[in-house]
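**Q** Residues per chain, in single letters:
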Amino acid sequence: MKLLTYSRDGADQVGVLASDQTSVIPLRALGCPVSSMQQLIEESTPDSLRQLSQAAAAWAGETIPLSQVGKRPPVPLFRRDMICIGYNFKNHAQEIAQLRGESAKSAEVAEPIYFSKRTAYATGDGDPIPYVPGYAENLDCGVEAAVVIGKDALNISPEEAGDYIFGYTVANDMCDTRLNKVYTQPFLGKSMDGYMPVGPWIVTADEFPKDPEFHLRLWVNDNLRQEGTTASLVFSIPYIVSQLSRNMTLKAGTMISTGSPANRDAGNPEKLKIYPGDVIRCEIDGIGSISNPVVEIV
Amino acid sequence: MKFLTFAYRGRQYPAVLSGDGSRAVPLEALGFTAPTLEEFITSGAVSSLDAAKIDAAKGFDLRAVTLLAPIPEPLQEVLVMENNFAASPEDLAAYRQEHPDGLPTYFYKKASVCNTDGAPVPSYPGHVTQLDYQAELCAVIGRDAYQVSPADAAHYIFGYTVINNVIARNLTVKHRRPYIATSLDGFLPVCPYIVTADEAPSPAEIVVRSYVNGDLRQNAPCSLAKYDFAYAIADLSRMSVLRTGSILTLGTPFGTGADQQPPRWLRPGDTVTCEASGIGSVTNTIR
Chain X
1 MKLLTYSRDG ADQVGVLASD QTSVIPLRAL GCPVSSMQQL IEESTPDSLR QLSQAAAAWA
61 GETIPLSQVG KRPPVPLFRR DMICIGYNFK NHAQEIAQLR GESAKSAEVA EPIYFSKRTA
121 YATGDGDPIP YVPGYAENLD CGVEAAVVIG KDALNISPEE AGDYIFGYTV ANDMCDTRLN
181 KVYTQPFLGK SMDGYMPVGP WIVTADEFPK DPEFHLRLWV NDNLRQEGTT ASLVFSIPYI
241 VSQLSRNMTL KAGTMISTGS PANRDAGNPE KLKIYPGDVI RCEIDGIGSI SNPVVEIV
Chain R
1 MKFLTFAYRG RQYPAVLSGD GSRAVPLEAL GFTAPTLEEF ITSGAVSSLD AAKIDAAKGF
61 DLRAVTLLAP IPEPLQEVLV MENNFAASPE DLAAYRQEHP DGLPTYFYKK ASVCNTDGAP
121 VPSYPGHVTQ LDYQAELCAV IGRDAYQVSP ADAAHYIFGY TVINNVIARN LTVKHRRPYI
181 ATSLDGFLPV CPYIVTADEA PSPAEIVVRS YVNGDLRQNA PCSLAKYDFA YAIADLSRMS
241 VLRTGSILTL GTPFGTGADQ QPPRWLRPGD TVTCEASGIG SVTNTIR
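Top to bottom, those sequences are chains X and R. If you count the first sequence from 1, position 178 lands on 178 in my numbering, and the numbers rise without skipping. If you count the second sequence from 1, position 63 lands on 63 in my numbering, and the numbers rise without skipping.
Source of the hints: derived by calculation from the structure; they are not laboratory data. Be aware that a few hints might be false.
Stated by the list, open to error - Quick look at which bits of chain X chain R covers, simulated, 3 or more residues with Cβ under 8 Å:
{"id": "1", "segment": "2-12"}
{"id": "2", "segment": "73-87"}
{"id": "3", "segment": "92-105"}
{"id": "4", "segment": "174-187"}
No experiment lies behind these values; they were computed from the predicted model shown. No residue lacks a Cβ here, since even glycine has one placed at the ideal position from N, Cα and C.
Generate the whole structure from the sequences, applying the supplied hints.
**A** Take a look at the structure:
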C-alpha cells in the first residue's frame with residue numbers, strides 16, 4: 001500500500017494511492033480518521049494497515065486524481081529525527097575520501113557513521129532545491145532508500161528490525177560540499193531547507209521482504225548519475241536499525257536514510273557540477289520517484 | 001517568568017512559576033488552552049501574561065508535583081555547538097586572531113526522550129566506557145526564525161535553560177560523529193525551568209558550572225564562547241527555518257571529564273550538577 005500526504009482546499013490530508021496509480025483515496029473515506037501521516041504511523045498496527053489496504057483495494061467509490069491535489073512530502077511537519085549514514089556504499093566512500101584528499105583507508109569503516117539532518121519543514125516531490133550564488137553553489141545529491149520506523153524501537157535485534165519498520169520511501173540526501181567542509185561536521189551544509197526531498201509516498205513494509213533489496217537510480221536531467229542496490233550496503237538495514245536502537249529509542253516516525261551509491265562520473269568534478277535549472281530525479285523500484293528542480297535564490 | 005511542565009496524578013501541565021517561586025500555576029488556570037509548553041510558546045500568548053495575573057491565579061504547591069523537563073518532548077533534536085568555548089579570555093583573543101574566518105561546528109543531539117532533574121542517568125555498561133558530563137546553556141527559540149540578522153536574533157529567543165549534554169566519548173570514536181554518543185536515552189537532563197529572555201541575565205554574563213560529587217569541574221562565563229547565540233541563530237537561519245521550540249546550546253566550557261589529566265569518566269553512583277547562574281540547575285546520579 002502506498003500512503004501519501006496531499007493538500008486539498010489548503011489543508012494536508014492523508015490517503016492511499018488508488019490501484020490506477022494516478023488518483024488517491026482519502027483515508028477518511030476508508031473509515032480511518034487520522035489527520036496526519038505521523039498520527040497514522042504512531043497509531044497503526046500491522047493488522048489495521050492490512051485492513052486499510054483491503055478496504056482500499058475493494059474501494060469502488062470516487063477517487064481524487066493526483067492532478068487535482070497538491071503534492072506534499074509524506075510527513076510535512078517533521079517531528080522526528082532524519083538519521084543518515086555516511087560511507088555506506090563502499091564505492092561512494094572511496095569517492096568522497098578521494099575528493100577530500102583523504103587516504104583510501106579512511107573510506108573503510110568498521111562501524112557506521114551516523115549523523116542527523118535538520119528537516120523541520122520537509123521537502124517533497126517537485127519542491128525546489130536552493131542554489132545560492134556565493135554561498136551554496138557546490139551541490140551534491142544522493143539517492144537513498146529511507147526507512148520509516150513504525151513503532152518505538154529500543155534494543156531490538158537485527159532479526160526483529162523488520163517488525164519495527166512501517167515502510168520505505170525515496171530520499172535525496174542533498175548537501176553543499178563547501179559548507180560541509182568549512183563547518184567541519186556535515187550538518188549545516190546538509191540541513192538547508194530543500195536539502196532532503198522525500199517521497200512521493202511511503203510504501204508499507206508488507207510489500208517487501210524483511211530485508212529488501214532496493215534498486216536505486218538518480219538522474220540529473222537525462223544523465224544517469226547514480227545506480228546501485230541496497231544489497232551492496234556496507235551495513236544492512238536490519239543491522240543499522242538494530243544498532244541505532246541500542247539504548248536509544250527510535251520513536252515511531254523516525255526516518256533513517258541508508259546511504260547513496262557512487263557517482264558514475266566520479267573523478268570528473270566538472271561533469272558532476274549541478275546548476276540552477278537542473279532537475280534531479282531519484283527513483284527506487286517498487287517505491288516510486290521524486291523530481292526536484294534546482295532553483296537559484298538569493 | 002519561569003516556565004515549566006509538571007506531572008500531577010498522571011497528567012502533564014505546562015505552567016508558570018509564581019513570583020515567590022513556591023507555586024506552579026498551570027497555563028490552563030490562566031485561560032490558555034495550549035496542551036504543551038511548546039505549543040504555548042508557538043502561540044505567542046506569552047506577551048499577554050503578567051506577573052499580577054500569575055500571582056492571583058490558583059496553582060500547585062511545587063512540593064506536591066513532579067517537575068519534568070520544561071519541554072518534555074522537544075521538536076526534533078537539540079542543536080549543539082561543539083568546541084565552542086575558549087579556556088580563557090587570552091585563548092579567545094588568540095582564537096579570533098588566528099581564525100578570522102572561523103565557523104562554529106554544529107551537530108544534532110537527539111531529544112525525543114528528555115531526562116528530568118533528579119532522575120538517574122544510565123551508564124550502559126558494556127556499551128559505554130567513557131561517560132562524560134557537559135554543562136551547557138541553551139536558548140529556546142520563541143518564533144520561527146528565517147534569515148535573521150545577528151542584531152535581531154535576540155527577538156527570536158523565548159528564554160534560556162541549562163542541560164547536561166551527557167556524552168559517551170568512546171561512541172564518538174566508534175562512529176566518528178557525536179550523534180549516537182550524545183543521543184542515548186537519558187543523556188539529556190534538562191533544568192526544570194525556562195527563564196524568559198526579559199528576566200534572564202544577558203547570556204554573556206551567565207556563568208556555567210558543573211559539579212561532580214560536589215567537586216567544581218566547569219566554571220566559565222559564557223563570554224568565553226567563540227560564537228554566541230545571535231551568531232548561531234543568524235547562521236542557522238540563513239537558508240533554513242529555525243522552528244519555534246528549537247533548542248540551541250552554546251556548547252560546553254573547559255573542565256569536562258575528558259579535560260582532566262588523566263581523563264576521569266563518570267561512574268555509577270556519581271552525582272552531577274550542571275547550572276547556569278540566574279537560570280537554574282539540573283542534578284542527576286549515574287546509575
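**Q** Could you run down the list of hints and mark each one as holding or not?
**A** Status of each hint after checking the structure:
1. 2-12: Coverage by chain R is violated for the segment 2-12 of chain X (0 residues, Cβ < 8 Å).
2. 73-87: Our answer is that it holds, as 6 residues pass the Cβ test (under 8 Å) against chain R, meeting three.
3. 92-105: violated (count 0)
4. 174-187: Satisfied; 5 residues make the cut.
When held up to the earlier numbered hints, the structure conflicts with 1 and 3 and fits the remainder.
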